[in-house]
Structure formats: C-alpha cells, structure tokens
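**Student:** Chains as they are written, first to last, in this note's numbering: chain A, 1 to 490; chain B, 1 to 183.
Partial pick of chain A residues on the chain B-facing surface, computed with a CB cut under 8 Å:
#, residue
1, Cys-35
2, Cys-70
3, Tyr-273
4, Glu-307
If you are wondering where the hints come from, they were derived from the structure by calculation, not from laboratory data. For each residue, glycine too, the CB sits at the ideal point set by N, CA and C.
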Amino acid sequence: MPRIQDIGSFNAVREAGLAKLLPSIPRITVGMGTCGRGNGAEEVYHALNEAIQRGGLDVLLAGVGCFGACFQEPLVAVRLPGAPLVILKRVQAHDAARILEGVSTAVMPPDLIDCKIEEWDHITGTLRYGQGYPEIATWNTLPFFKGQKKIVLRNCGLINPSDIEEYIAVGGYQALYKVLIDARPESVIEQIKASRLRGRGGAGFLTGNKWDFLAKAKAEPKYIICNADEGDPGAYMNRNEIEGDPHALLEGMIIGAYVTGASEGIIYVRAEYPLAVRRLNRAIEQAREYGLLGTNILDRGFNFNIEMVQGAGAFVCGEETALIASLEGFAGRPRPRPPYPAQKGLYGKPTDINNVETWYNIAPIVTRGAGWFAETGSVKSPGTKVFSLVGKVTNTGLVEMPLGTPLKSFIYDIGEGAPNGRHVKAVQTGGPSGGCIPVEMLDTPVDYESLAQLGSIMGSGGMVVMDEDNCMVDVARYFVEFTHSESCGK
Amino acid sequence: MPRATLNTAQAVLDDRERLMIDQAVARYAGRPGSLLAVLEAVQEANTHKYLSMEALRYIARETGEPPARIYSAATFYALFGLDPQGDNVVAVCRGTACHTRGSRDLLDKLCLDLGLSDREPDENSEADKLALTTADRRFTVRTVACFGQCALAPVVEVNHHILSHVNERSLQREIQSLEQGRK
Chain A
1 MPRIQDIGSF
11 NAVREAGLAK
21 LLPSIPRITV
31 GMGTCGRGNG
41 AEEVYHALNE
51 AIQRGGLDVL
61 LAGVGCFGAC
71 FQEPLVAVRL
81 PGAPLVILKR
91 VQAHDAARIL
101 EGVSTAVMPP
111 DLIDCKIEEW
121 DHITGTLRYG
131 QGYPEIATWN
141 TLPFFKGQKK
151 IVLRNCGLIN
161 PSDIEEYIAV
171 GGYQALYKVL
181 IDARPESVIE
191 QIKASRLRGR
201 GGAGFLTGNK
211 WDFLAKAKAE
221 PKYIICNADE
231 GDPGAYMNRN
241 EIEGDPHALL
251 EGMIIGAYVT
261 GASEGIIYVR
271 AEYPLAVRRL
281 NRAIEQAREY
291 GLLGTNILDR
301 GFNFNIEMVQ
311 GAGAFVCGEE
321 TALIASLEGF
331 AGRPRPRPPY
341 PAQKGLYGKP
351 TDINNVETWY
361 NIAPIVTRGA
371 GWFAETGSVK
381 SPGTKVFSLV
391 GKVTNTGLVE
401 MPLGTPLKSF
411 IYDIGEGAPN
421 GRHVKAVQTG
431 GPSGGCIPVE
441 MLDTPVDYES
451 LAQLGSIMGS
461 GGMVVMDEDN
471 CMVDVARYFV
481 EFTHSESCGK
Chain B
1 MPRATLNTAQ
11 AVLDDRERLM
21 IDQAVARYAG
31 RPGSLLAVLE
41 AVQEANTHKY
51 LSMEALRYIA
61 RETGEPPARI
71 YSAATFYALF
81 GLDPQGDNVV
91 AVCRGTACHT
101 RGSRDLLDKL
111 CLDLGLSDRE
121 PDENSEADKL
131 ALTTADRRFT
141 VRTVACFGQC
151 ALAPVVEVNH
161 HILSHVNERS
171 LQREIQSLEQ
181 GRK
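Bound-form chain A, shown alone (with noise of 0.2 Å):
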C-alpha cells in the first residue's frame, strides 16, 4: 500500500477513493451498521452479491454505515453514472433481483424509493452525484431529515468505513495534511477554542481549554484519550459515528495529539460494540499502512500511536476519572477530582479525554474555520449535536440538529410524534443523571444551559420518548435500579 508522503501521492489515492464513489458504472450501497444488521442488511447484501455474480453484471457493490434513519432500515443506495444517489427503504433479500432490474432500466422499484441525493456537503469536501428523477424527493424535504444538518455524521451512510481511499476522497486527511504543514499547532488551539466547541459527553466544557491545559503541561509522554464507552442507555449515537466513519474519530485524535504534544493514543470502547471495534481496528491499520499513524505521519517527522482498550460492560467507566482507573487495570472507581487529568492522568501522566463525537468535529472545525463553526447552534452552544431519537416514537433513528431547537422539533417534526395515535407524555434526556422532560415543555430548546435550568441534562444525547402509556412511577424505578446496579460501590 502507498505511504503518503507528499501531495502528489495524497492525490493519487484521493482519485483512487472518487473513482470507487462515483464509478462509470454503477454502484450500489448497503447501510451496514449495527441498526442495519439487525434489520437483515447482511441477508440482502449477500441476495445482491450473489445475483451481481450469477448475471456477470459491471455493478460495484459496498457496505456503507447508517445515515441515521434507522426505522427504515435496511437502507440500500443505488447510484447510476451522472444521476443522483437513491435512497431505497426497507429493503429485504427478496428485492434485490427487482434493484438489479432497475439499475438495468434506470427506474427503481417505486414502492422502495425514500429520497435522492444530487449533491452531498461533506464539510471537507463536496460529491456531486448528479441531476436528474424529479419525481424523487430530495432528502432533506422529508420530515426525518428535514433541518438536520449533518456536519459529524458527514460521511456516515455514504461511504465505505472500511476503505480509507473513500474517507480521503471526500476531503478526509486533509484537515490533518494541512495542521501538520502549517506546523503552528498553538494557531489551531487558538482556532479550537475560537469555535467555541464543547464537550459532546455531557459536560459541555470547552475543548480548546481541556486542549490548552495539556499543551501547556510538560511532561513526558502524554496522553490523548478518546472515551467511547458509551453507557447511557438509549444512547448510540459513538456506535453509529464509529461505525459509519471510524477515520474521523482517527483523524481528531491525530490533529489533537499534534497540538497538545502528546505521543500516545487510547481509544476506550465498549465491548458491546463489537462491530465498531472491528472497524475501528481496521481503519488504525488502514491509517498505518497509508503513513497517517505511526511513526513519520505525513514525512513530516511526527509520531503518534492509537491503541484501544475494549472496556468490560462499566457504566462509571464513562467517568473519566473511573475510565483511567479502568485502563490502570483496576476497578473503575472514579478519583477525586482536583488533581484533574490535564495535571495527572493515566499512569500519573497529563491527559486529555474528549468524547468520540467532539473529535468528529475537530476536522471540520479546521477546514471550514471557526468562524463557520460558530454559525450553527445558539451563542454559548454552537454547532450541532447527534442524538439518538428512540423510544415511543413513529421515526425512531441519529438525528443531527443544531445546538438551540426545540424539542418539539425532534419530538414532532423529526419523530412524527407516537406511534399507533398515542400521545407523547414525556422525552428523557440525559441517561440515568438526566431527567424526565413532560410534555408541557417540549418549546425548551436543546443546549446545555437550557436543559439544566429544567433540571435535566443534554448528556451524550439519548432521547427516550414516552407515551401515555409509559408509567412514570415505573420509569422512576426503572432509573433507581439501574443506578443502584451500576453503582461503583462508594
């Protein structure tokens, strides 16, 4: 495999990753995330492979992560040469010879279509699929999607996550290329903190601060954590992201380590994300192999290392004291806090942890400019933040809207509202340290500040609706117990 050195070499697998997402023949995509999976999308992506086989058809096939729709899953994306990306829905096994036909005829099975795609912002970098199907909707005029803006789920659903030519095709690695030339890692501190960004786990304290502590810390090694030990229950957004698009977790933790100084990286999953950590282990070694991780990256002399460390079914362990325990090899009871990680961390040693979903905004944060960033979401929370929309509700599935909207928005325009006619009661939020949000207050909008004055919490973003028929008295215990039962024991 080619190391990329320079920019002629950059570029010559940036033609190669086009090449495979907008082929002169066509191509065809299989939402292969967990949510997908568990639909029957391995069952239609064999039902496809093996009549593309059998006909001898020039069709390319690939498995892609979830664009977040997941109560339509499986989700199969057809893309004929210079027409726009269909969205099929529901697909099953049975239907592939019908898409292969309509790949033939250039019409596809109209009971399956969803939506089309003509052009995709990737924040890094922009596809034009093509012009064309009138009668198709554009994605983002139906209701699921319609406000969404996708800037940490920008490659999930579209591209292959295990094929680090289509990450770097869509602009990935660029943002990392062009930190590691600059070679002025306090300007893109300066730029971190400029945005504004905050903690996407929960606590929303700002990341070009947290960056600014470990920087300024002198010690040898130090250490970069990312915490994907998703625990909140209802929560799955880190296992879609993951998933999806595992090089640009890959990619903020690279930049990160650059501009802190810090040599060594650790990524925490959970072990019940067995497939994450599948294509997490393969991008690591995709990153290496294309001299982005290890020693040297880029040739530009800078040497950074990422390890992962499944976790073992800890619901403290997402405390990042706790988590460094974890990793310590002991139980994950969390410390107290001062000294914080930034001064000691693991193995005693500066560290800084961030959540998966703050690394997924560093690149973009670093294309596009602060300045950019700042534009979407509320003054004191900008950007947008990926939620995870379940529970009795009719579009169940990762939505991405900007920091500030409503709930009602989520509950009602996004979410249909409940299914079978019920009436929706109330929305947690937050996980097990969130709170039950009733009904009458859905016009809250969705910040850190907004959340906590009702005495709830943002959190990583699980957003578990009820309906008249959920008993609050239940869900109250519901809660007691899983506390009581995850409790580290102090």
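Mind docking chain B on chain A? Use the hints.
**Tutor:** Here is chain B on its own, set in the frame of chain A:
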C-alpha cells in the same frame, strides 16, 4: 449475581489454558488496559465462557499482581462471569428504550419459561443486572445495560445474534428452536 466461592472452582488448569494465559499476559504486558484485555481473552477462550478461580489465581501469578486486585476487577465488570455459562446465552437489553417498549416483561417471561423464575428474593432488587443459568447448563439468561440498538427496541441477543422488535411470541419461538436444535 451469584458469585463462585473459592472452593467451587477448584478444577486445575489444563496446559492449553495455561499456555493461553501466558500468551495473553505476554501480548498485553505494559499496555494500557492490559488487565481487561487479558481477562477478556481468557474468558473468551474458555469453553464455558467464564473465569475460573484457578484462572484468576494463575493470571495473578503471571502478572505479579495481588490476587485481590485481579478478583476485584473480575467481579467489578459485568462482562466477566465467575460461573460457567450455558450452551446458549440469551441477553436481554435493559436500556431505557427497550424498557419503554416492554423488556422487563420479556425478561420475566423468559425466566419463567426456562424455569429460572424462582430467583432468590434478594436478587429481585437487582433484577436489572443478572446472569442465571439453568440447572442443565443449556441456557444462560443475562441482562445488558444497553446494546445501543435502541431504534430496534426491544432487542434480545441470542448467541451473539441480535433480534430486533422482539415480542414474547417471537422470543419463545427462538428459544424453542434452540431447545429442539443441536446439543
């Protein structure tokens, strides 16, 4: 969760298991999270997917850590079991989305069907974190805090395969086919 006591698992480690532990300890030595990785590898390699007391003692010896520390970690994390698992492992998700869609009833019904309903009274208070194995060792029922499969709630994992939108009937059918099937 039932805990194995020091005298329930006195089986001596065989050479294969000892070699396996040696390799795991060597592979992860000095790396962050090494103890978790070793325990995960050893449990996964065990035929009955558990950590025997002998294995824990041997890990302590090979890593040079006090046995108490190894035992502390092995009993802290939900993923580790100190008792042999059944041939079939059924894991019911107890995440919030699954709860709102009836996973507690699924769990109760499953335990009832498999004759695991006579849980000891004090275990009821920990209904959300359990691992029970049938007397014939054919089935283990356990709970998981959340699989992160919330859009497909309620979900149940049967032998590492996720079933989505599960109801009592579909789960019963799945269990029946396992009962009639191999083993």
